[in-house]
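Numbering-wise, the sequence shown is residues 1 to 154 according to the UniProt record's numbering.
In the PhoX-like style, the derived pairs of lysine-lysine whose C-alpha atoms are separated by at most 25 Å in a straight line are:
{"no.": "1", "residue 1": "K80", "residue 2": "K132"}
{"no.": "2", "residue 1": "K83", "residue 2": "K132"}
{"no.": "3", "residue 1": "K79", "residue 2": "K89"}
{"no.": "4", "residue 1": "K80", "residue 2": "K70"}
{"no.": "5", "residue 1": "K126", "residue 2": "K83"}
{"no.": "6", "residue 1": "K82", "residue 2": "K132"}
{"no.": "7", "residue 1": "K41", "residue 2": "K21"}
{"no.": "8", "residue 1": "K72", "residue 2": "K82"}
{"no.": "9", "residue 1": "K123", "residue 2": "K89"}
{"no.": "10", "residue 1": "K70", "residue 2": "K83"}
{"no.": "11", "residue 1": "K70", "residue 2": "K82"}
{"no.": "12", "residue 1": "K21", "residue 2": "K31"}
No wet-lab data here; the hints were simulated from the structure.
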Amino acid sequence: MPELQKANPDSFKNFDFDYDKIPYTDKLREKQRLAKLLILKEKNSAENSNKDKKSKKRKVESWSNKAEQKEKKQVRLEKKIKKRDAISKANSLADSENSIDGSSLSTGLGSVAVKTNDPEARKSEKLDQIIKEKSMGGAKSLLGLIRKQKPNRV
Numbered sequence: 001m002p003e004l005q006k007a008n009p010d011s012f013k014n015f016d017f018d019y020d021k022i023p024y025t026d027k028l029r030e031k032q033r034l035a036k037l038l039i040l041k042e043k044n045s046a047e048n049s050n051k052d053k054k055s056k057k058r059k060v061e062s063w064s065n066k067a068e069q070k071e072k073k074q075v076r077l078e079k080k081i082k083k084r085d086a087i088s089k090a091n092s093l094a095d096s097e098n099s100i101d102g103s104s105l106s107t108g109l110g111s112v113a114v115k116t117n118d119p120e121a122r123k124s125e126k127l128d129q130i131i132k133e134k135s136m137g138g139a140k141s142l143l144g145l146i147r148k149q150k151p152n153r154v
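Just need the whole structure built from these sequences, with the hints factored in.
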């Protein structure tokens with residue numbers, strides 16, 4: 001409405017009015033209206049009580065699968081930790097066995113193999129080293145590890 005464009009809405013007052021209190025002049029029509037009002041009030045109060053019960057009964061399960069996803073993630077994490085522990089135990093056992101055999105020298109960083117002239121032994125040592133580094137998470141991929149170690153060409 002163009003006449004209200006310049007009007008300040010703060011100057012207007014709230015006007016609360018109960019339309020249910022307006023009576024009909026016709027007595028018969030007024031009785032019908034009162035009966036309808038009574039029925040509607042009972043119905044609304046019943047709906048409100050049902051809404052209260054529904055709001056108290058919150059859904060425990062979410063509609064998304066977040067709970068299941070969290071459980072799966074937890075299982076994967078546990079498997080990962082077990083695998084990491086098993087690999088570290090196997091590496092420590094292998095280091096201790098190598099130091100007992102005398103085929104390797106133990107240092108603070110791990111075991112350093114004694115150089116041999118046997119090419120098969122060198123290949124297996126390199127492969128063991130690559131697998132050990134991979135298990136420790138030293139490289140992003142096994143292929144990247146292999147590419148880092150360029151073969152010694154004579």
